[in-house]
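Colleague: One letter stands for each residue in the lines below.
Protein chains: 4
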Amino acid sequence: MKRIAINTGGGDAPGLNAVIRSIVLASHQLGWECWGIRNGFNGILEPEKYKNQGGGIKPLSLHSVKGITHLGGTILGTTNKGNPLKFPIQQKDGSFIDIDRSQEIINSLKDHAIDALISIGGDGSMNIAHALAQKDFQVIGVPKTIDNDLDNTDATFGFDTAVEFATTCIDRLHSTAEAHERIMVVEVMGRYAGWIALHAGVAGTADVILLPEIPYDINAVAKKIFEREKSGSHFSIIVVAEGAKPLHGNFSIIGKNIGQSERLGGAGDKVAKELEILTGKETRVVVLGHLQRGGMPTANDRLLSLRFGAAAVRAIAKGMTDMMVSLHSPNVECIPLADAIGKRKTVSLNHDIILTARELGIYFGDELSFIQE
Amino acid sequence: MKRIAINTGGGDAPGLNAVIRSIVLASHQLGWECWGIRNGFNGILEPEKYKNQGGGIKPLSLHSVKGITHLGGTILGTTNKGNPLKFPIQQKDGSFIDIDRSQEIINSLKDHAIDALISIGGDGSMNIAHALAQKDFQVIGVPKTIDNDLDNTDATFGFDTAVEFATTCIDRLHSTAEAHERIMVVEVMGRYAGWIALHAGVAGTADVILLPEIPYDINAVAKKIFEREKSGSHFSIIVVAEGAKPLHGNFSIIGKNIGQSERLGGAGDKVAKELEILTGKETRVVVLGHLQRGGMPTANDRLLSLRFGAAAVRAIAKGMTDMMVSLHSPNVECIPLADAIGKRKTVSLNHDIILTARELGIYFGDELSFIQE
Amino acid sequence: MKRIAINTGGGDAPGLNAVIRSIVLASHQLGWECWGIRNGFNGILEPEKYKNQGGGIKPLSLHSVKGITHLGGTILGTTNKGNPLKFPIQQKDGSFIDIDRSQEIINSLKDHAIDALISIGGDGSMNIAHALAQKDFQVIGVPKTIDNDLDNTDATFGFDTAVEFATTCIDRLHSTAEAHERIMVVEVMGRYAGWIALHAGVAGTADVILLPEIPYDINAVAKKIFEREKSGSHFSIIVVAEGAKPLHGNFSIIGKNIGQSERLGGAGDKVAKELEILTGKETRVVVLGHLQRGGMPTANDRLLSLRFGAAAVRAIAKGMTDMMVSLHSPNVECIPLADAIGKRKTVSLNHDIILTARELGIYFGDELSFIQE
Amino acid sequence: MKRIAINTGGGDAPGLNAVIRSIVLASHQLGWECWGIRNGFNGILEPEKYKNQGGGIKPLSLHSVKGITHLGGTILGTTNKGNPLKFPIQQKDGSFIDIDRSQEIINSLKDHAIDALISIGGDGSMNIAHALAQKDFQVIGVPKTIDNDLDNTDATFGFDTAVEFATTCIDRLHSTAEAHERIMVVEVMGRYAGWIALHAGVAGTADVILLPEIPYDINAVAKKIFEREKSGSHFSIIVVAEGAKPLHGNFSIIGKNIGQSERLGGAGDKVAKELEILTGKETRVVVLGHLQRGGMPTANDRLLSLRFGAAAVRAIAKGMTDMMVSLHSPNVECIPLADAIGKRKTVSLNHDIILTARELGIYFGDELSFIQE
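Residue numbers (the working numbering), protein chains in the order written: chain L, 38 to 410; chain C, 38 to 410; chain R, 38 to 410; chain X, 38 to 410.
Mixed in with the good hints, there may be bad ones.
Same chains, same label: a pair holds when it works inside one copy or across any pair of copies.
The calculated lysine-lysine pairs, modelled on DSSO-like cross-linking and capped at a C-alpha distance of 27 Å, are [what the hints assert, rightly or not]: (1) LYS318 - LYS95; (2) LYS260 - LYS380; (3) LYS118 - LYS147; (4) LYS88 - LYS103; (5) LYS86 - LYS118; (6) LYS103 - LYS318.
These are computed hints drawn from the structure, not numbers from a lab.
Note that the structure is a prediction, hence the values are computed from the model and not measured.
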């Protein structure tokens, strides 16, 4: 009999609950017990907050995970704050210093007779998991990033749901864009990698897609819109990843000057405002934001989450530690956490989807490709 | 045999295409012909723009309306600009004066041997339809307002779709709000009437709903959030109609001063920023904006649109003019356009849904109700 | 302080959980307590079955109704069996006799110190509720019928969700029907009233709709399909209510004889098989069946359910009994249960939707209308 | 300048229109022209049928593919009949003989000055494409099978949409199953391979999944249901692939005899009827059938379809022939048609998803695994 603790950290993603349920069910089949830690590691580090809730770490019954596979969020709660490796502690003079509290976590887990930890989260969480595993405790990581930008797994859960939702939203904007002959700018998630923008933009038949990986020339985008006008298409759909960046740090716009772009908001707002000035066309922006993180996971994401959860339990059963489950289609395997940390998968310029998009006439705002056409 | 012209004006709404298809099919059954006018009345008033598109007014074949019942937008295009009663014409000195060009429309319709006009649009469009009907031309109006704020019909199409979508979005935010213990503010449409906020807010189990009809006290909203904290609910969902307004024109916040609220953006941004200051809790805002106008109409909206279209043709066949179709459940009837114009239906404070919401513990930000509790 | 019992009876419908949650929340605001009875009245009548589940009647905490507004089904369970007015009891000789056990229910409720009962269900359940109210117990009914065939309320919850789903399914079949030039027959719910078939059929742009209220001539339907072929439409969508019936009890088919229609299955199967014989076209049938009862309720159905639940609590608070909540738009009112029982609302032949459908060229299989065309 | 012909064959699948649009757009970017063949090759083989439709093979304009990416079906039509390699021709005596008409197709394509053919379809269509490529004509195949059972590509379009829909349907049935304490049997597609049943069954948290690859013992399934009853779960969800088969050709049921199972219908009906007899529990069956083939493709399927279409044009441009596009993640490559034909990918018993499912307690009806538990 083993007792496993589970926690979820970082931004929430559709599929977290499916992973939790999978771990609890698979453990139950082995006769094991599961405990859940609240809000990252805060259930352990700030136990007083959870006094009225039965404690910051408590058993997870089969009943507690019933019917949660298709629910967004995480029944354990999550947080972006309170990294136990650099936990901010207020000093007497009011200032904060960061303290490594990882040993407290290990101690608490041992106090609760926990044998192993399954930690579900993004790159930051995997880092913490790796640190805990160094302290002679059995730890398995389950990777989560809605942006799909983790290098050592074919896919992460949450991404498929985000792409599906973003695509549906682009669909919705098409009819309005066309009916009103407007430019519609849609900002989607993707600070460092443009996977959501690329997948949803192509699937949603956007006209222009702006990614963090391809700095854009706003004048060239405006030209593309004028070209569309000439060919009888009086509207355009522009999908912008939140991390998209202009080609020139401080760009100048030929013909019109948009001045110091003070307070333009996010990437989408910026692109919209500039295009309205440059093209003279009515332009509207929609920022999908947190809508992309919630909702019922797609069948794909549920399946991947369930597989990851079961694989994590399997790894515990095999005595593995300091490892992360990872999809190497068609298998789920385990790789060392040390190998998984800090490696980002970005969109390469010669990826087949980029190639496809260009062949379909979708424009990425890069000067070169535009001149080539 | 008759020849009917159709146009769509104002903001687009799910169901416009279903109305158009219904008019074309019902006309076809009677052996009539339909013509479509592009972009409001611009197809007639600015014909040069449509030269390459076969003209600004042209026949609508059965084929042209095939498979459009469930598509958002309008195949005729629409616009918020170019009111023919006050059409802006640029003078030699660069200034604009507004000219009544309604007679040109009548002339053009007669030139094309059109017998009657069915005009689909909001209050502005019904006003124009009424003016045209005064000029001895057969005109029937079909009301459209996604905000559901028209007084002389039980319902207008587009509203149900907007409410359904907004509710789904609120669902998506719930899981994130709870997982991260955040305040989530969702801004929905409704400049003068809060129907979308009220319906979606109650159906989506919001905690606070702010409507144009009930000025809100932001301090009281913050208190409500603190109350929820105390009872163990560490998150809150706030639905804000875009027309929601604070109780005091220039409010002061007891304890904390949020200063001159410079550049706070829309109603949702404002509420979010103030709540973050007042409560100290992480707060995020999502503005649904144009997403609410697009997309596939719900079955309800399709049905209502099809009924309105058929009823408009029926009215033409009966020789009616200067009338508007209108839902008086379970019937669709015709009322004089003059009676329909300019009458807004807002949420009354003793509406059964308001009552229900209060009984469920939903708070509207009104000082009084809060003190009562 | 009051203690209210809630039960759900009959076939499940989307919205039941929303009603339950609404009752619990509204009661909580009044400082009352709610108890839930399992599986109709079986939790009381067969208590031994629920021993391991904490009893067949037990308190409903606020926590127990958290997050259930948008879930299908009913957390209390439901059943079509075990009518307490005619409860089947097995005799020693193996035969069954029906016994009125309503007094046992009253006794049990009183034993549990319950002050009032809110009973949610169809016509059968309202009948039982009425009987219980005769025994000097406070009872309020909440009507539920997915078929929308109850006469004394503008609408019942579940119907909107069923129509929306059925319409989406018809959409899905359109593309296949057209791609393969087939006849697609879709059987939807509606044993005695054709509301779902009518609403979904019109919204989904079916070509033929067969209702219980309009006996159909299968030969005339075949003729309609041939007409469509001639006009270039090589596919047809036929929506059939499960209660649709042929015009002639024992029909003969001119030209072809389909013989004794042995073992044709349900209404949809029958229509499909006959049309395939009569037209020679590939025909496929899909029976939506139980898919129509499940799933997340639409925003409309959630709102109606929440309103009904709150209104039931309001009625209890006002001391009403032997009444049923009912939608008289825009209000929810109470009517005597005695007036509500046994009155079915069917589709009248001159309903505006029927009229609309005919004007759009949709055919109902009635000989007369076909000849007229 | 090249002129390319496109055709679609076999059962329809979500994504066909996206492939067509992708081919037309990518060709347009190269200055090429596209023509479409109607209903498989029937547009060429039975030209008289298409006289009134502008011919059985005709140009595809940019306009003709506008807005079709997200539509189900195929604008070209498709068919399962009329294999040109074995085309059934009626003889004078009424009998049919099969004739190879492939040369007629080549001749017709050449007559229309077509340079190359892109043929989209299943295994049968790829066979035909290969035969045509032997006749000195440039041919590229695009694989389509909703069952995902093609061995030489990581994925085929349509599968993801079918799985997503089937999962949603299983979700819908859960609430009813639980509310009524019933067994719900859902039959999904998959005659030879159980991919849809496996993916949707696991994602939809079925209790039992029956696949063509794992013959099932109906008694063991009944035992599993009894086990669930004992542990307090009074309902079960059984997902059955249409090709699922019992372990013993002519099985006997211990204890109860269900006799010669005359006329039990499909795999789902058979399982439902037998389980109802064996367990005595109310059992309902839903056959998803053609609903799985239609509808809007998921973002995934749209993306894959667009990639396949663009890759096919790329292959033509490179002078390739007798090849099929195929997904080898993350790339789309070309493999010889000869290598692709006739190789089916079935579910292997040690596939990670099977393993995951067993670890979660899902049962496949195989005697062995059951005894092991």
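Colleague: Tell me, please, which holds for LYS118 and LYS147 at an alpha-carbon limit of 27 Å: within, between, both or neither?
Modeller: within (24 Å within a copy, 52 Å between copies)
Colleague: With identical chains treated as interchangeable, where does the CA-CA distance between LYS260 and LYS380 reach 27 Å or less: within a copy, between copies, both, or neither?
Modeller: Result: close neither inside a copy nor across copies, 36 Å intra and 45 Å inter.
Colleague: Classify it for me, LYS88 with LYS103: is the Cα-Cα distance of at most 27 Å met within a copy, between copies, both or neither?
Modeller: Close inside one copy (24 Å) and across copies (21 Å); limit 27 Å.
Colleague: Within a copy, between copies, both or neither: where do LYS103 and LYS318 come within 27 Å Cα-Cα?
Modeller: between (51 Å within a copy, 22 Å between copies)
Colleague: When no copy is named, should LYS86 and LYS118 be tagged within, between, both, or neither for a Cα gap of at most 27 Å?
Modeller: within (15 Å within a copy, 48 Å between copies)
Colleague: Using 27 Å as the alpha carbon limit, work out where LYS318 and LYS95 are close: within a copy, between copies, both or neither.
Modeller: Close across copies (26 Å), not inside one copy (57 Å); limit 27 Å.
When each numbered hint is compared with the structure, a violation occurs for hint 2 only.
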